[in-house]
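Enquirer: What follows is the residue order along each chain.
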Amino acid sequence: MKIQEADAKSLLLAQGLPVPPWKVARTPAEVEAAARTFLDAGAGRVVIKAQVLVGGRGKAGGVKLAGSAVEAAEVGAQILGMDIKGITVRKVLVGAAAEIVKEYYLGAIIDRGSRRITLMASAEGGVEIEEVARQDPAAIHRVSADPLLGLLGFQARTLGLAIGLRDPLLNPFVAIALGLYATMKANDADLVEVNPLAIVAERALDGTATQSLVCLDAKITLDDSGLARHKGLEALRDLDEEDPTDAEARKLGINFIHLDGTIGCMVNGAGLAMTTMDLVKHYGGEPANFLDIGGGARHETVAGSMKLILEDPKVQAILVNIFGGITRGDEVAAGLIEARGQQTREVPMVVRIVGTNAAEAARLLAAAKFETATSLDEAAEKAVALSKGAAR
Amino acid sequence: MSILVGSDTRLVVQGITGREGEFHTRASIAYGTRVVAGTRPGKGGQTAIDGTVPIFDTVAEAAREAGANTSVIYIPASGAPDAILEAVDAGIKTIVCITEGIPALDMIPVVEAVRRAGARLIGPNCPGVTSPGRAKVGIIPASIHKPGRVGVVSRSGTLTYEAVQAMTDAGLGQSTCVGIGGDPIIGTTFLDVLKLFRDDPETDAIVMIGEIGGSAEEEAAAFAAEYLKGVPMAAFIAGRTAPPGRRMGHAGAIISGGSGTAAEKIAALEAAGVHVADSPTQLPRLLLEAGYRA
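Chains as they are written, first to last, in my numbering: chain A, 2 to 393; chain B, 105 to 398.
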């Protein structure tokens, strides 16, 4: 699960990391009030950042500076309501604009190859790390935490030295790196990224500047499998940015991802569901969704899934592909028949059910006059033909 | 000989009294697998599966008293990591974890403990391992198999059934079918299984079923190019149409930062001389084209 920058910063703060203060605003008036607070406290300018769960908001014009509260309100009015990669901006983060001396990248990931938590750091901060990885892979330094002992102080120090940090900023870096690791563990995160981690200059009243390392941005994704054991994390789910079908799919206990095509797919098993989409495409169609009804799905799950598929007005044909193992074919067939009784619009459908209780399923489907197929390829081809017939 | 499970398998089922555990244990026994014990803490001394399988409180007792050498785990995600560690501690060398939904961070110390003990973990979030005609450990349906000499390794469940069914229909039997699991952190990778197949005198050809996410298929391709020359090999990669940044059902099936795409994996496999299918039903034909004769 992805969470917003402001929520990610809260999780970092909870582990004692240096994160400059911020406020979240949902209206230009709230932006103005927040900006005033920071300006009154001595900030020269404020930064207003769109809170969206997609990357590239800076390039899209979703991050801007303002020198006065009135200007902040104007900028807020521009950013709020803006469309960034199909997402409408509903809230912004407001904070004092930092005087940045240098930007770094610091991130913690679950590294599948080494099967460890790996920390990555780079002196090339502020830009997308994937871009750095492509252009100059040597600029990214890595250490992997010990699987039993965790991230050790000397490992964090090695990383800080590798990106050029020295006294007096080295020890603060070590604390931040250990804090990133702690944030990951404390929340079952699978990614914790601070980009940029910045050296900022703070000026005292007499004009003398001191430098410190702070987390200017934060990106965290949480392991869905860990959500249930952390109270409060589920509340960070941003329902505003969710596809409306997501909540319904969670309730049904299925995996559903909306796509742009015209052929609705219902499949058991994630790998087979992806394969079914791929074959739809291979035979000249476009899948409208990824849908894995899971193992051992009951008829009510099948009926609920069908309703979800039909809610998409683009769907012109439906392909049901079930390879029964734990899932019983007759149970799926019963669910399909139940769904057809409740269905509000006619969409051609082809059903393929093999494996456990396939014979019983075939009898039920034949009696209810469903169009069926025996092989996976035949089913996909038929669904594509049906979708094109319906479009004419 | 087959790999991982076979005629010498003496299985202990951790969680034998649960719904899944009991159901699949019956299917394993019906297939001829030697199930020597089950565990259910607090019910030691009782029996399961109509009085045919003794229940022990601990895996250590199951190993000591019933001679268990392989374990399969049907225990919910909250208890599964502990169950794996208990099996390791009891000296079990082959551990198959079916459980789905274990937080990835829980698995990091567990796979390390397994490695240090010299044991092997298959999964988690996997359908298990079947050596057709010999032993079935896990939830792969018995009906799809035919004994033979093709090794099958896959990250998926039902997609594996699809591929194995297609092979059986075409008359191509299997030596062992291994579901390695769809999670980001798994005990046994494609590479590990390819090495086992290479060293197995009863495996003459290999089918590999991968999907988007991570780079395990690329590593397997590099190994195949170097060490599996002359071994007929066919592959299928699911997720050509998967959108980037979305987790496609399996925790590990995600294209992130532009890497882990099906296109990259297919290119790596083809460069290694592996025939890649557009549909799992083409796998038998591709194996024959690669020179395999059953």
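Do not take every clue at face value.
So the derived label-pair ranges between C-beta atoms look like this [claimed, not checked]: (1) B/E374 - A/E203: 29 to 37 Å; (2) B/E374 - A/G56: 29 to 37 Å; (3) A/A386 - B/K147: 36 to 44 Å.
Derived coverage of chain B by chain A (criterion: at least 3 residues anywhere in the stretch with Cβ under 8 Å from a Cβ of chain A; other residues may be distant) [claimed, not checked]: (4) 252 to 264; (5) 279 to 293; (6) 302 to 316; (7) 345 to 358.
By construction, these hints were calculated from the structure, which means they are not laboratory data.
Quick caveat, the model's predicted, so the values are computed rather than measured.
Built from N, CA and C at the ideal position, the CB exists for glycine as well.
Enquirer: All the hints need checking, so say for each whether the structure fits it.
Expert: Okay, the hints, checked on the actual structure:
{"no.": "1", "hint": "B/E374 - A/E203: 29 to 37 Å", "verdict": "violated (56 Å)"}
{"no.": "2", "hint": "B/E374 - A/G56: 29 to 37 Å", "verdict": "holds (31 Å)"}
{"no.": "3", "hint": "A/A386 - B/K147: 36 to 44 Å", "verdict": "violated (56 Å)"}
{"no.": "4", "hint": "252 to 264", "verdict": "holds (count 7)"}
{"no.": "5", "hint": "279 to 293", "verdict": "holds (count 3)"}
{"no.": "6", "hint": "302 to 316", "verdict": "holds (count 3)"}
{"no.": "7", "hint": "345 to 358", "verdict": "holds (count 11)"}
Of the numbered hints listed earlier, those contradicted by the structure are 1, 3.
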